[in-house]
Amino acid sequence: MLDPPSIGGVATALPQLPLFDLRVTPKDPYDSRGTPRRLYGLTTGVFHVTTVVDVTVIATESLSKRFPRVTALDRLSVDVGPGVTGLVGANGAGKSTLIKILLGLSPATEGRAEVLGLDVATKGAAIRERVGYMPEHDCLPPDVSATEFVVHMARMSGLPPTAARERTADTLRHVGLYEERYRPIGGYSTGMKQRVKLAQALVHDPDLVFLDEPTNGLDPVGRDEMLGLIRRIHTDFGISVLVTSHLLGELERTCDHVVVIDGGKLLRSSSTTDFTQTTTTLAIEVTDTDEHPDGTRAVREALHARGVTVEAGSGLPGAGHILLLSAQGEETYDLVRDVIADLGLGLVRMEQRRHHISEVFQDSDEQRKEAAVHGS
Amino acid sequence: MALDQPVAGDQTRIHDIGYRNYDGPRLGRSYATRSLYSQSLRGAYGLGRSVKSKVLPMLLFVVMCVPAAIMVAVAVATKANDLPVDYTRYAIVMQAVISLYVASQAPQSVSRDLRFKTVPLYFSRPIETADYVRAKFAALASAMFVLTAAPLLVLYVGALLAKLDFTDQTKGFAQGLVSVALLSLLFAGLGLVIASVTPRRGFGIAAVIAVLTISYGAVSTLQAIADTQGSTDAIAWIGLFSPITLIDGVQSAFLGASSAFPGGFGPSDAEGAVYVLVTLGLIAATYGLLMRRYRKVGL
Ligand SMILES: Nc1ncnc2c1ncn2[C@@H]1O[C@H](COP(=O)(O)OP(=O)(O)O)[C@@H](O)[C@H]1O
Ligand SMILES: [Mg+2]
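So the protein lines, in turn, are chains H and B.
Per our numbering, residue 2 is the first one in the first sequence, and the count goes up by one each step.
Per our numbering, residue 139 is the first one in the second sequence, and the count goes up by one each step.
Read the hints as simulated data drawn from the structure, not as lab findings.
Using N, Cα and C, we set each Cβ at its ideal position, and we do this for glycine too.
Take the hints with a grain of salt, since some may be wrong.
Unchecked claim - Below are the DSBU-like pairs computed for lysine-lysine, each with C-alpha atoms no more than 35 Å apart in a straight line:
| # | chain 1 | residue 1 | chain 2 | residue 2 |
| --- | --- | --- | --- | --- |
| 1 | H | Lys194 | B | Lys190 |
| 2 | H | Lys124 | B | Lys434 |
| 3 | B | Lys434 | B | Lys255 |
| 4 | B | Lys190 | B | Lys309 |
| 5 | B | Lys190 | B | Lys255 |
| 6 | H | Lys194 | B | Lys255 |
As the list claims (entries may be wrong) - Covered stretches of chain B (in silico footprint by chain H; criterion: 3 or more residues with CB under 8 Å from a CB of chain H, positions within the stretch not fixed):
| # | segment |
| --- | --- |
| 7 | 162 to 175 |
| 8 | 252 to 260 |
| 9 | 263 to 272 |
| 10 | 390 to 400 |
Stated by the list, open to error - Here are the in silico distance ranges between beta carbons for each label pair:
| # | chain 1 | residue 1 | chain 2 | residue 2 | range |
| --- | --- | --- | --- | --- | --- |
| 11 | B | Ala348 | H | His138 | 29 to 37 Å |
| 12 | B | Pro222 | H | Asp144 | 39 to 47 Å |
| 13 | B | Ala215 | H | Gly187 | 45 to 53 Å |
Whole structure, please, built from the sequences with the hints as guidance.
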């Protein structure tokens, strides 16, 4: 009873809503975040070099992009290292514009940028050979199979025919597409389509991938699976990731580093440990069972017994069923998960109440936000 | 975290996940362009696509070749001393089939990429706008050349089997090939420019058919009127305004063809030079327009 439950235990207790990616935590012994890739000629295996070298994967310097009526990027200077980096900003903040410039497809109005040490203005083709891109919009023809499409895109990245076929089979398996890969894409669910889009971005084994809003349109389960996959792209495949979202909350859990932009300007750039080290309020909602008719109360008491102060979430929707507590990093999540699993309850919701994107914006210059709203 | 602890360390993990890095060759931009070319060329006959999309192009291909086969059979059986139709005339006679082919396959080639937004994905690869345009142009022109040259090959082989004069036949066949090569480039360019304007395949098909048939209808009507009114000088100049009469003019001036214009009033050598210039200019213009069109598609 007192043994901490295994992941399987939690998973069965929370079949419908795995809110957190339990597979990788900062304590994961196989987590290689921060380790540069292939710098020493290693070509196989999951783990590369353990020496942490500060390598810049993306660097921009006073980068601006002005359209006739909108300034999409405004003197943005940011350095991004290896690992998973989140690029967060409201709609129209300039995220997709930044990716287009970094791919060398759209010239910057002023300033400069480098990707993998290559200048975007002059080395676009070389960058695109070593970088993968998953667009935010739909990009899949419905009348071909995932296999045919990804093989074609692999060849478009320069892979010889045999390698293209082999890597397509591997990559589709890694993103979780099996028998369905021979069927036309038109019949796929949104989640499966997102996986195909991800596979075409990874098939040529790039050093870096740009994922533009990969969780858009996914239900909570699909969203969580996608975030887990994104984490694995770095930890297991050794590929650095730049992933965009308009939700800070979901990227905090997945990224090593988060860059927040608003109206094309840099709002903050910090490692996610900076975010989680500041105390965060967690909101929890649980189900009731026959054994514990008032599940909320049972959790409160159990947490109290372990020395965690819990408040009732009055004033929130569903007040009375919501508990608020302050999280001290990852341990708190583990504790809550264990307590709820021990009681045999189901976790309906566990979310951070601070650092929602809107709260970051509240700290910022209100005028800038106004400008962004008018701009879009 | 029990499940996360592999018993045998790294080995197990690598085995479980099996991610392999790729350190083989990356063949770059020109290889990618060639890949797009071959995929588009195959696609123009429905290869690598659904059974449904193979039906029309394959059917049109057969329809193109059957009359040639029949002519050859007749020529062999009757021991005729010439083929019933010139090599250069065949495509003119079969222009409806050719128009139908380009109208159906040009939108298939480019409208789909626009409609399903695959174009931005291509440009996230090492290729450039110009490579995309060149690959698509070359692929459709090649597909049309296959369509128009195959029946000529049937005629030529049949003519040799019927023991017709070798030199005569080879010369005619070569002239026919040059003519259909020009026709393929011109029709492919026009079809692609029209189709690339709209992501809607249906509109593309209708627009290509409309442009080809209306221009031909107008030109041949005006030529007929000019002929009845005796202004035979005008006939050649009017012919400049439709793609098929343009090809007809070029080949009757320089490729030994007899003109299909009313009264057989083909262009003179000087007029023929204008025909060649207009044809080449039009091909170049379609290429330029396509480049302009795709520069804007970007991401
Ligand atoms: N091609 C374009 N022409 C004009 N304005 C554009 C263009 N692309 C983007 N914008 C504008 O630039 C701003 C940033 O857009 P975008 O980068 O797509 O934002 P995000 O991806 O963060 O939602 C928006 O105001 C958008 O309207
Ligand atoms: Mg965007």
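A quick look at each hint next to the structure:
Using a Cα cut-off of 35 Å, the hinted pair Lys194 of chain H and Lys190 of chain B holds, with the two alpha carbons roughly 23 Å apart. For a cut-off of 35 Å, the pair hint linking Lys124 of chain H to Lys434 of chain B stands: about 20 Å separates their Cα positions. The straight-line distance between the Cα atoms of Lys434 of chain B and Lys255 of chain B is roughly 13 Å, inside the 35 Å bound, and the hint therefore holds. Pair hint Lys190 of chain B plus Lys309 of chain B does not hold up; C-alpha atoms about 39 Å apart against a cutoff of 35 Å.
Annotation: proposed proximity of Lys190 of chain B to Lys255 of chain B holds, straight-line Cα distance about 22 Å (limit 35 Å). Proximity of Lys194 of chain H to Lys255 of chain B is assessed by CA-CA distance (about 14 Å); at most 35 Å being required, the pair is judged to hold. Residues of the segment 162 to 175 of chain B with a Cβ under 8 Å from some Cβ of chain H number 10, which satisfies the need for three, so the listed coverage holds. With 6 residues having a Cβ less than 8 Å from any Cβ of chain H, the segment 252 to 260 of chain B passes the three-residue criterion, so the hint holds.
Chain H is given as covering the segment 263 to 272 of chain B, and this holds because 4 residues of the stretch bring a CB closer than 8 Å to a CB of that chain, at least three being needed. Taking a C-beta to C-beta cut-off of 8 Å, the segment 390 to 400 of chain B contributes 0 residues in contact with chain H, too few for the three needed, and the coverage statement is violated. The hinted range of 29 to 37 Å is satisfied by Ala348 of chain B and His138 of chain H, whose Cβ atoms lie roughly 31 Å apart. A hinted range of 39 to 47 Å holds for the C-beta pair Pro222 of chain B and Asp144 of chain H, which are about 41 Å apart.
Taken as a hint, the range 45 to 53 Å holds for the pair Ala215 of chain B and Gly187 of chain H, whose Cβ atoms sit roughly 50 Å apart.
Of the hints listed earlier, those the structure fails to meet are numbers 4, 10, in rising order.
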